[in-house]
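Visitor: Use the sequences and the hints to build the structure in full.
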Amino acid sequence: MKYFTFIAVLVSGVIAYAEAPIGPAGCGLGNVMLQDQSQVLAATTNGTSGTQTFGISSGTSNCVDSSKRVQLENFVEANKVALNKEAARGEGTTLAGLNQVLGCSNNIAPVLKDHYKQIFNTESTKDISAKIAIVVENNPMSCGI
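Heads up: the sequence shown runs through residues -6 to 138, numbered per the working numbering.
There may be inaccurate statements among the hints.
DSSO-like, lysine-lysine: derived pairs with alpha carbons at most 27 Å apart [as the list claims (entries may be wrong)]:
hint : residue 1 : residue 2
1    : K124      : K106
2    : K119      : K78
3    : K110      : K73
4    : K106      : K78
5    : K124      : K78
Simulated from the structure, these hints should not be mistaken for lab results.
Guide: See below:
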């Protein structure tokens, strides 16, 4: 009976963890390197390298507060057309709003303008949001999310 209870708790934990927006492997080095190629290898890499714990603490390696990702995705969905135009110009009120959503103290408009083609080469809100998050996180002149 103890064995069955242990397995049930383990499986429910894995299922709950698998609902995370970054996939069942979680964040960390495995997520960054392997992305959607192999969740098993990504999870193994995360677990053995210790980068998942560090990433959660520091907000790096795609270990971002999921509520901010949801806010970013919702903002991009509601403002996609204006955001696209303003990012191309590098200025605008929608970009100022995005700055607030991300909690940035620095103006991210120049960063988004510099990476415009990389970010807006798709129609997918989820892809645009993810690319914005990556660009902002990897640019030392902007804020991390």
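Visitor: Can you name, in rising order, the numbers of the hints this structure does not satisfy?
Guide: Failing hints: none at all.
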